[in-house]
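Q: Generate the whole structure from the sequences, applying the supplied hints.
Note that my numbering has the sequence shown beginning at 1, numbered continuously upward.
Hints may contain errors.
[Claimed, not checked] Ranges of calculated distance between the beta carbons of each label pair, as one might list FRET restraints:
no., residue 1, residue 2, range
1, 221, 145, 16 to 24 Å
2, 74, 211, 37 to 45 Å
3, 357, 231, 39 to 47 Å
4, 243, 413, 53 to 61 Å
5, 401, 243, 41 to 49 Å
6, 248, 337, 40 to 48 Å
[As the list claims (entries may be wrong)] SDA-like mimics (lysine to any residue), calculated; alpha carbons at most 25 Å apart, straight line:
no., residue 1, residue 2
7, 187, 238
8, 187, 240
9, 187, 297
10, 48, 13
11, 243, 126
12, 187, 126
13, 48, 317
14, 48, 311
15, 187, 79
16, 243, 253
17, 48, 32
18, 48, 305
19, 48, 38
20, 243, 51
21, 243, 232
22, 187, 254
23, 187, 198
24, 48, 12
25, 243, 137
26, 187, 92
27, 243, 15
28, 48, 313
29, 48, 36
30, 48, 314
31, 187, 114
32, 243, 231
Please keep in mind that the hints were generated in silico from the structure rather than gathered at the bench.
These numbers were taken from a predicted model, which means no experiment stands behind them.
In this text, a Cβ means the ideal position worked out from N, Cα and C, and glycines have one as well.
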Amino acid sequence: MNEIEAVDELANRVAPMVGRAVDELQIAAVLESQGFTDQVARERYGVKDVFALASVVYQRLPRDVEAPLDEQRARRTFRVLSHGPLFLLPSLSYPAVYDWLGGLTMVRGLVFTTGIGWWWAMGMSLVAYRLLGHGLDHAAARSLRVLGGTGLGVVVVGSAVIDQRLWVFCLAQMGFQVSSCVMVIYKREARLALLMIPACAGGAAHLLFDVMLVALGCGLLSTVLTLTMSWRETGRAQPDVRKPPRMPMLLRLTGPSVAYSALCAAFLLNTDARFVLADLDLGLAVAPLVLGMGAVEWRAHRYSEQALDELDRSRSVTAFRRATQRLLIRELAYCLVFLGCIALLMLGVLAQFGLLTTRGSLLVDAHVVLGGVFFLGFVLMRYEGLRWLLAIMPVVISANVIVNYMVPGHEIAVFLVCCAALLVLFLLTSLVSAGEVRRYR
1 MNEIEAVDEL
11 ANRVAPMVGR
21 AVDELQIAAV
31 LESQGFTDQV
41 ARERYGVKDV
51 FALASVVYQR
61 LPRDVEAPLD
71 EQRARRTFRV
81 LSHGPLFLLP
91 SLSYPAVYDW
101 LGGLTMVRGL
111 VFTTGIGWWW
121 AMGMSLVAYR
131 LLGHGLDHAA
141 ARSLRVLGGT
151 GLGVVVVGSA
161 VIDQRLWVFC
171 LAQMGFQVSS
181 CVMVIYKREA
191 RLALLMIPAC
201 AGGAAHLLFD
211 VMLVALGCGL
221 LSTVLTLTMS
231 WRETGRAQPD
241 VRKPPRMPML
251 LRLTGPSVAY
261 SALCAAFLLN
271 TDARFVLADL
281 DLGLAVAPLV
291 LGMGAVEWRA
301 HRYSEQALDE
311 LDRSRSVTAF
321 RRATQRLLIR
331 ELAYCLVFLG
341 CIALLMLGVL
351 AQFGLLTTRG
361 SLLVDAHVVL
371 GGVFFLGFVL
381 MRYEGLRWLL
391 AIMPVVISAN
401 VIVNYMVPGH
411 EIAVFLVCCA
421 ALLVLFLLTS
431 LVSAGEVRRY
441 R
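A: Set out below in structure tokens:
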């Protein structure tokens with residue numbers, strides 16, 4: 001058997017294990033988990049290392065496993081862009097919850113559940129993706145069930161301590177976060193949107209006809225449907241052929257990323273929680289950021305893809321550094337322009353109805369800047385920059401809290417300055433590390 005035939009045979013052998021493979025890195029993880037080394041890649045397959053072998057295998061996957069690259073990329077782009085609007089769908093039920101629980105109680109539950117759900121979903125997804133990358137589909141599904149169920153229990157107990165009436169609302173809110181995490185991992189965003197139709201329809205009906213109980217019932221129905229569907233999705237995985245890593249080790253590996261997510265949640269909620277029940281323009285200030293988060297995630301993916309292309313094209317480290325730095329600035333600009341367009345559209349509508357204030361405009365601007373911060377955070381997380389994120393975020397959050405305490409009444413201006421500071425610090429850190437070739441190997 002020559003080298004070409006050996007690669008074709010290997011592609012057919014690993015195809016069942018990489019049915020959801022989206023790039024060469026996932027195939028490399030599977031090959032390494034099966035005991036492939038650089039020496040085996042050189043001696044048997046005629047390539048320099050496991051990563052080169054993964055690239056060749058990816059190109060030779062059977063056509064029923066590998067979708068055409070352009071079609072695959074288009075589908076992924078659409079799915080990623082949908083994440084922002086999807087995550088806003090539960091908000092249509094909030095007016096009914098407000099009428100049921102009262103404003104202050106609802107805000108307490110919303111802040112509590114959002115704060116927990118943000119980093120909990122991050123931990124769930126990181127553990128699952130790590131297991132999926134090693135071909136352990138059943139272990140990944142089991143981890144989603146265990147961690148998701150634990151998260152629901154934590155939120156129910158915690159919300160009952162805050163207010164005994166809150167647990168149903170918090171359970172529904174956390175149920176959506178857990179379900180959306182599972183559905184995104186399994187690429188079922190369209191189904192998630194369909195299952196949220198009852199909640200959206202009920203919320204709209206309450207706004208038009210003041211039918212609170214109908215809206216609450218529809219929201220509960222969507223919660224049950226999404227949790228049921230996510231449970232079914234995790235039950236379809238085939239048994240693993242080898243033993244997965246121990247859960248404590250996986251949780252320890254995801255700890256830094258979860259900590260960064262918790263810091264992001266704390267920074268955002270420390271300001272936004274003050275304005276949920278304020279004037280309409282202040283309460284809606286976060287909407288452009290949420291709607292545009294899919295675009296932020298998409299541009300982070302595109303940066304990685306284009307940086308790897310530059311790595312293949314560049315003839316020197318200096319050329320690669322300059323190319324990736326230009327690429328980083330360009331993708332950051334795309335994110336800010338995209339978020340800015342959404343913000344301008346919303347501000348224009350508010351101004352048309354006389355609902356826009358200077359404070360509202362500043363708070364919207366701050367969230368647009370924060371979107372750029374999150375883009376750079378995605379990039380730094382992917383390329384070994386977590387230690388810088390964990391060093392910078394606590395300093396800026398502490399400054400935000402201290403200044404607000406010492407000079408009350410200027411929370412929006414302080415938040416905007418802190419967002420700008422994070423953007424500058426993250427950008428400088430990213431520009432320094434962007435040209436380091438070892439991070440892209």
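Q: Hint by hint, note whether the structure agrees.
A: Hints versus structure:
no. : hint                  : result
1   : 221 - 145: 16 to 24 Å : holds (22 Å)
2   : 74 - 211: 37 to 45 Å  : holds (40 Å)
3   : 357 - 231: 39 to 47 Å : holds (45 Å)
4   : 243 - 413: 53 to 61 Å : holds (55 Å)
5   : 401 - 243: 41 to 49 Å : holds (45 Å)
6   : 248 - 337: 40 to 48 Å : holds (43 Å)
7   : 187 - 238             : holds (17 Å)
8   : 187 - 240             : holds (21 Å)
9   : 187 - 297             : holds (15 Å)
10  : 48 - 13               : holds (21 Å)
11  : 243 - 126             : holds (19 Å)
12  : 187 - 126             : holds (15 Å)
13  : 48 - 317              : holds (20 Å)
14  : 48 - 311              : holds (16 Å)
15  : 187 - 79              : holds (8 Å)
16  : 243 - 253             : holds (18 Å)
17  : 48 - 32               : holds (14 Å)
18  : 48 - 305              : holds (21 Å)
19  : 48 - 38               : holds (7 Å)
20  : 243 - 51              : holds (24 Å)
21  : 243 - 232             : holds (23 Å)
22  : 187 - 254             : holds (22 Å)
23  : 187 - 198             : holds (21 Å)
24  : 48 - 12               : holds (21 Å)
25  : 243 - 137             : holds (11 Å)
26  : 187 - 92              : holds (24 Å)
27  : 243 - 15              : holds (20 Å)
28  : 48 - 313              : holds (18 Å)
29  : 48 - 36               : holds (12 Å)
30  : 48 - 314              : holds (19 Å)
31  : 187 - 114             : holds (23 Å)
32  : 243 - 231             : holds (22 Å)
Every hint from the earlier list agrees with this structure, and none is contradicted.
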